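Protein chains in written order, with full-length UniProt numbering: chain R, 1 to 459; chain X, 1 to 459.
FYI, nobody ran anything at the bench for these hints, they're computed from the structure. Here the structure is a predicted model, which means the values were calculated and not measured. Please note: incorrect hints may appear among the correct ones.
Remember, identical chains collapse to one label, so a pair may be satisfied in a single copy or spanning two.
[To be verified] Calculated pairs, SDA-like style, for lysine to any residue (alpha carbon to alpha carbon, straight line, at most 25 Å): (1) K176 <-> T150; (2) K263 <-> S283; (3) K148 <-> H365; (4) K289 <-> A238; (5) K458 <-> V248; (6) K169 <-> V340; (7) K169 <-> V280; (8) K275 <-> F36; (9) K458 <-> Q108; (10) K275 <-> H365; (11) K458 <-> V340; (12) K176 <-> V393; (13) K318 <-> A293; (14) K324 <-> V393; (15) K214 <-> A41; (16) K274 <-> S159; (17) K176 <-> E23; (18) K37 <-> S323; (19) K324 <-> P433; (20) K324 <-> A237; (21) K214 <-> D315; (22) K458 <-> H443; (23) K324 <-> A238; (24) K275 <-> M220.
There are 2 protein chains.
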Amino acid sequence: MSIDPVLARIDSQLPAALERLMELLRIPSISTDPAFKPDCARAADWLVEDLQSLGLKASARPTPGHPMVVAHGGPEGAPHLLFYGHYDVQPVDPLDLWDRDPFDPEIQDTPRGRVIRARGASDDKGQLMTFVEALRAWVAEHGSLPCKLTIFFEGEEESGSPSLIPFMKEHAEELKADIALICDTGLFADTVPAIVTQLRGLLGEELTITAASKDLHSGMYGGAAMNPIRVLTRILAALHDDEGRITVPGFYDGVPEIGDNLKKSWQALGFDEKKFLGEVGLSELAGEKGRMALEQLWSRPTCEINGIKGGYTGDGFKTVLPSKASAKVSFRLVGEQDPVALRESFRAMVRSMLPPDCEVEFHGHGTSPAGHMDTAHPAFETARQALTEEYGVDAAYVGCGGSIPIAGYFKSILGMDAMLIGFGKDDDQIHSPNEKYDVESFHKGTRSWARILAALAKS
Amino acid sequence: MSIDPVLARIDSQLPAALERLMELLRIPSISTDPAFKPDCARAADWLVEDLQSLGLKASARPTPGHPMVVAHGGPEGAPHLLFYGHYDVQPVDPLDLWDRDPFDPEIQDTPRGRVIRARGASDDKGQLMTFVEALRAWVAEHGSLPCKLTIFFEGEEESGSPSLIPFMKEHAEELKADIALICDTGLFADTVPAIVTQLRGLLGEELTITAASKDLHSGMYGGAAMNPIRVLTRILAALHDDEGRITVPGFYDGVPEIGDNLKKSWQALGFDEKKFLGEVGLSELAGEKGRMALEQLWSRPTCEINGIKGGYTGDGFKTVLPSKASAKVSFRLVGEQDPVALRESFRAMVRSMLPPDCEVEFHGHGTSPAGHMDTAHPAFETARQALTEEYGVDAAYVGCGGSIPIAGYFKSILGMDAMLIGFGKDDDQIHSPNEKYDVESFHKGTRSWARILAALAKS
């Protein structure tokens, strides 16, 4: 079945496809805020109806949180693909930093091209719809779906996916496919199509150090009473050595050196470190000495203090010795680093540094191990070729500094490899005010999926 | 002129004296909040009228802020005393932690005795009125004042005293006396009358470290971009060495060892370190090793982090790399430490520790040098004897960990020594909800001033 008429239809029907995306973007499906629960259900129902119109057997499945959308279709015996995306979006505050209502989407002309401006335009409704629109064009031209398909849309990705693992386990047989396609990542440096083959894992920890039983006046107690901010800064400052390495015992267990081939391919990407740092007002790499930028971002583990507070932080000055001080610390993990073991090692290190009279309380946030995609699976090279054809630029296997736990779950729960392909750009402002998705990303993304589907259908 | 009828009158007139204090406490003279400016003026006028009723020539003097109350009286040729107090009070928030309206004073029976409950009861209206009531009883019994007197009440003590120095300089000739009496301190350990002979100075600094030009996502930048919280914790952690000594270059210049006599007298106070720390849930001294508690509190300099903030500090977790992180740091100073020189040394140390791409911005808060009262002035021993007689316990020369800049100004601007005598207790909750002043403090305080005035009049 020829791809050309499908691509031509995608081109001619772009305005209608954008209209459909705008409809979905008008639904404020903020998953973290209970006030928007009916809107999340409405977004799921909208998708179910749209998928049914393509001949898929689709339904919204209840969970303790927001519904999952699951759909099946396509010819038996053909390669079986699962496609994952999420229909929920981030909250929109601070609302006053938006140029317009985040749920009143608009196509805007900008100096860098036409963009779709709305919450969720890039993360992830626009990306998710690239796949749906590719299917629609295919069905319109050829009367049937190109492959056997399972569609799996989540509504809790922006709020920690509490229902995801139980749902995947309960419906493992139904969800299994040959390979999973995930559309929630970006292009490389805005111009080069990319397949993410390694993702960093994440370990989030919050620690609160308590010294005295109440806030004290530094005139009355200063010098004699322990200050928990002093204790906290001492502990946090000890997490890195002078070379930028992390000092948590056993931290580098399971951290591999990247192979020479991968290193060379990353070097060949021509990543512009000066531009990358310069855009945010920086000029020097802050990570482990002697590592190139892409290693520091993709293949080296990190420890970051994401938040700290203690004592008086308002205007002016108060000479208070606070009772408590706290910090949020996250570790990005690579290779075989074990988040559970590292959590214990971190906590033991903190406890060992506590002076007398101080207590520490930990609150564990998420853990996810790092992900490695096995590019030996033939679908990777097939998809890479298809992306290369669409963009006219060699598609790259890249790493991703962030953590997308779903990729690991497909492997660990369903035994499937996952391919992360997306069309977002660095300036999409996801999770921030004035989120956008380039019309070009939406258009070329749709065309890319049509090409990938055609190529995988043949394989 | 005999003291006995004066003391008897103070005893018999205690209910009326308390009534007058309650009247003053009903005026919400919060100096920091412009909404209460008329109330500050009303408090000043109330005092002027009360002082006039004692035969003093009193007036409220305008300043760019709240008025000063100045009064003169008493026989020429007699010893000339200046008495200082402040009629303004701290704000009352959080109001919901108060058991009653802070400006609806009440005498309450508590397990630890009768207390006057109201904002300003202890700090400083109750203390200030002990002196006024002593004068009233004296005048009632003897028909005239015991000494030549200058009364000097400020209305901006709780908001940094912006008008104080200009006013003192402008009216230096008018305000000069033989010695100043300041009633804004406490008893020693709640039971022993005390004259404060050394006060720590204060240097307040706020620093904000900026790395990237905006907040970054740690998935996208983590590892490669500098985190200003990491920089800040590293700098703050370096401010103390393992022995608890402060590492700012030149910090200990001008820090004296206390003399053997003073050390012995402090040891003789029988300060209960275990109880002092135990009351706030602590058990071990946190200051310089090998120094007793009273040294750490009164005669050793400190460095405290009073506040810190950076990144995401709300509920849950955000993997943000913030652009900025900031802290408020204060130093308590002793001996001849120079706050201006130390500010520069601190700033230079911070700058020297900044990694590439980071900037630091400083905001200086108050500075005041440490204060040392010269107990060689005969008024000290006279007052100490009078306090000893009233309390039946040897009155002590003590230090004070806090900073009361006015004492230094009397010396530097007017060339007068100052004696700090007060009757507050550690549990008075000044600056906090449910402030109180013991009726016993008010009563014995008034009696003490009558004794001190009688003794100084004879000298």
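Structure-based check of each hint:
Only within a single protomer do K176 and T150 lie at most 25 Å apart by alpha-carbon distance; the minimum there is 8 Å, versus 91 Å between protomers. Taking the shortest Cα distances, K263 and S283 sit within 25 Å of each other inside one copy (22 Å), while across copies they are farther apart (55 Å). Taking identical chains as interchangeable, the C-alpha atoms of K148 and H365 are never at most 25 Å apart, the minima being 37 Å within one chain and 69 Å between chains. Taking the shortest Cα distances, K289 and A238 sit within 25 Å of each other both inside one copy (17 Å) and across copies (22 Å).
Taking the closest pair of Cα atoms, K458 and V248 never come within 25 Å of each other, the shortest separation being 49 Å inside a single copy and 71 Å across copies. Proximity of K169 to V340 under the C-alpha cut-off of 25 Å is restricted to the intra-copy arrangement: shortest distance 21 Å within a copy versus 66 Å between copies. In this homomeric assembly, K169 and V280 never come within 25 Å of each other (Cα to Cα): the closest approach is 42 Å inside a single copy and 50 Å across copies. When the C-alpha separation of K275 and F36 is checked against a cutoff of 25 Å, the pair qualifies neither within a copy, at 39 Å, nor between copies, at 54 Å.
In the homo-oligomer, the alpha carbons of K458 and Q108 never lie at most 25 Å apart, since the shortest distance is 38 Å inside one protomer and 89 Å across protomers. Proximity of K275 to H365 under the C-alpha cut-off of 25 Å is found in neither arrangement, the shortest distances being 33 Å within a copy and 39 Å between copies. In this homomeric assembly, K458 and V340 never come within 25 Å of each other (Cα to Cα): the closest approach is 42 Å inside a single copy and 78 Å across copies. Taking the shortest Cα distances, K176 and V393 never come within 25 Å of each other, neither inside one copy (33 Å) nor across copies (86 Å).
For the homomeric pair K318 and A293, the shortest alpha-carbon distance between copies (23 Å) is at most 25 Å, but the shortest distance inside one copy (42 Å) is not. Taking identical chains as interchangeable, the C-alpha atoms of K324 and V393 are never at most 25 Å apart, the minima being 54 Å within one chain and 38 Å between chains. Taking the shortest alpha-carbon separations for K214 and A41, neither the intra-copy value of 46 Å nor the inter-copy value of 35 Å comes in at or below 25 Å. Proximity of K274 and S159 under a CA criterion of 25 Å is satisfied in neither setting, with 34 Å inside one chain copy and 48 Å between copies.
Taking the shortest Cα distances, K176 and E23 never come within 25 Å of each other, neither inside one copy (31 Å) nor across copies (80 Å). Taking the closest pair of Cα atoms, K37 and S323 never come within 25 Å of each other, the shortest separation being 39 Å inside a single copy and 33 Å across copies. With identical chains, the CA atoms of K324 and P433 are at most 25 Å apart between copies only, with a shortest distance of 19 Å across copies and 33 Å within one. With identical chains, the CA atoms of K324 and A237 are at most 25 Å apart both within one copy (18 Å) and between copies (17 Å).
Both within a single protomer and between protomers do K214 and D315 lie at most 25 Å apart by alpha-carbon distance, with minima of 22 Å and 22 Å respectively. In this assembly of identical chains, the alpha carbons of K458 and H443 lie at most 25 Å apart only when taken from the same copy (23 Å versus 99 Å across copies). Proximity of K324 to A238 under the C-alpha cut-off of 25 Å is found in both arrangements, the shortest distances being 19 Å within a copy and 20 Å between copies. With identical chains, the CA atoms of K275 and M220 are at most 25 Å apart between copies only, with a shortest distance of 14 Å across copies and 52 Å within one.
The earlier numbered hints that this structure contradicts are 3, 5, 7, 8, 9, 10, 11, 12, 14, 15, 16, 17 and 18.
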